[in-house]
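Novice: Numbering of the sequence shown is given in this note's numbering, commencing with residue 1 and proceeding in unit increments.
No wet-lab data here; the hints were simulated from the structure. Glycine included, each C-beta is placed from N, C-alpha and C at the ideal position. Any given hint could be a false lead.
As the list claims (entries may be wrong) - Simulated DEER-style distance windows between Cβ atoms:
| no. | residue 1 | residue 2 | range |
| --- | --- | --- | --- |
| 1 | Lys186 | Glu216 | 16 to 24 Å |
| 2 | Lys343 | Ile128 | 22 to 30 Å |
| 3 | Gly353 | Arg124 | 45 to 53 Å |
Stated by the list, open to error - Using 20 Å as the maximum straight-line C-alpha spacing, the simulated SDA-like pairs for lysine to any residue come out as follows:
| no. | residue 1 | residue 2 |
| --- | --- | --- |
| 4 | Lys259 | Thr82 |
| 5 | Lys369 | Ile356 |
| 6 | Lys350 | Leu115 |
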Amino acid sequence: MSELSQRHGNDSSVPTGTEAELGSVLVADDAGTIVATRPRRRVLRWMAGGVLFAAGVGFVTIPLPYYVYSPGQATATEPLITVSGHDSFDPEGHILFTTVTQSEATPFLLTRAWLDDFRDVRKREDVIPAGDEEKERKINQQLMDESKRTALVVAFDVLGHPLEVSGQGAFIDALSDDLPARNFVKQGDVIVSIDGQQVGTVEDVTNLLANRQAAEEVRVGLRSSTNDQAYEVTIPLGSNPQDTSRGYLGVALSTFREKVDLPFDIEFDSGEVLGPSAGLAWTLGLVDRLTPGDLSGGRIVAVTGTIDAAGDVGPIGGIAQKVLGAKSEGATIFLYPNETSAKDVSELRKAAGDSIELYPVGSIQDAIKVLAPQGLGEFTISEEK
Numbered sequence: 001m002s003e004l005s006q007r008h009g010n011d012s013s014v015p016t017g018t019e020a021e022l023g024s025v026l027v028a029d030d031a032g033t034i035v036a037t038r039p040r041r042r043v044l045r046w047m048a049g050g051v052l053f054a055a056g057v058g059f060v061t062i063p064l065p066y067y068v069y070s071p072g073q074a075t076a077t078e079p080l081i082t083v084s085g086h087d088s089f090d091p092e093g094h095i096l097f098t099t100v101t102q103s104e105a106t107p108f109l110l111t112r113a114w115l116d117d118f119r120d121v122r123k124r125e126d127v128i129p130a131g132d133e134e135k136e137r138k139i140n141q142q143l144m145d146e147s148k149r150t151a152l153v154v155a156f157d158v159l160g161h162p163l164e165v166s167g168q169g170a171f172i173d174a175l176s177d178d179l180p181a182r183n184f185v186k187q188g189d190v191i192v193s194i195d196g197q198q199v200g201t202v203e204d205v206t207n208l209l210a211n212r213q214a215a216e217e218v219r220v221g222l223r224s225s226t227n228d229q230a231y232e233v234t235i236p237l238g239s240n241p242q243d244t245s246r247g248y249l250g251v252a253l254s255t256f257r258e259k260v261d262l263p264f265d266i267e268f269d270s271g272e273v274l275g276p277s278a279g280l281a282w283t284l285g286l287v288d289r290l291t292p293g294d295l296s297g298g299r300i301v302a303v304t305g306t307i308d309a310a311g312d313v314g315p316i317g318g319i320a321q322k323v324l325g326a327k328s329e330g331a332t333i334f335l336y337p338n339e340t341s342a343k344d345v346s347e348l349r350k351a352a353g354d355s356i357e358l359y360p361v362g363s364i365q366d367a368i369k370v371l372a373p374q375g376l377g378e379f380t381i382s383e384e385k
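Using the sequences and the accompanying hints, generate a full structural model.
Specialist: Quick look at the structure:
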């Protein structure tokens, strides 16, 4: 009789105590000795747990070909603007620039975005058209740098002390969707000539195209801002929205590698923030730092919008996410571009609610009138300290 039958006779019950674990399966090993194996159900439970754990990890980590845009931070500009060699002022209120957080989508982030009206989802190819993240980052860094230099020019114009500006071409910030130029040039390229005449600044482009007619063709010399590759294209001009008989290139421009002759040193610290949409905020923040009084009137004012050398404010993306970030920082006023689409304005108002006042502006002068209808404090160029 086997060891098992000798000890337990015809009793087929499972041993207890140290002899075997409850729920074990008894089998004979190669030597004929009865041993207790790990319970099958316990193994299955462990396997199921492992599968669920792996699925959970994948749910929050597996990258998908989308990006999720969510509310970002709103940051005061004045502490990030350093003025050396001239009087500057520390206002009680603040001008904030606003941001959107861009995250590579995972199943978790995508699900969360679908359940939240104020999180947007975009395809990867729409966010990074060339499929080159490093190139896209360089373009957006260039846009931020240009926005700060343009802010210098516009702020000094507003304060009555125009600056001398030079550059190495006209950087293409954005392209109109419905005009021919979009088929010939790319965002991030630099216009260096028009019909063989050199272009150094945005003003050069404006002057060279001033008398051109709609549908007239122009030869445009370009260079990539990332690898200096040069090429030339012939572009038929579109129609100017204000005068359809006049030619219109249909690109948003800023002066590339702009050099500004400053009477004293000014530095902007944008940290890791990229893109052009802080241009208006930088301009207002610098005006606030250089003039006595308080441009914000002691309030927390959030701002978004690009700025060009003429002081005009341009549209941006993610406006609903930006106002939510502004609200979280206690802003009571939000300035935004008056060219914002009706759909985006509707989303902006929904996100803003009743806790923040909304003001559309088309220029730096519009923004100043909203904040300081009584006018700015006096600014004069003082002797270097």
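Novice: Work down the list of hints and note, for each, if the structure agrees.
Specialist: These are the hints, each one checked on the structure:
no. : hint                        : verdict
1   : Lys186 x Glu216: 16 to 24 Å : 22 Å, holds
2   : Lys343 x Ile128: 22 to 30 Å : 24 Å, holds
3   : Gly353 x Arg124: 45 to 53 Å : 32 Å, violated
4   : Lys259 x Thr82              : 18 Å, holds
5   : Lys369 x Ile356             : 18 Å, holds
6   : Lys350 x Leu115             : 16 Å, holds
Of the numbered hints stated above, the single one contradicted by the structure is hint 3.
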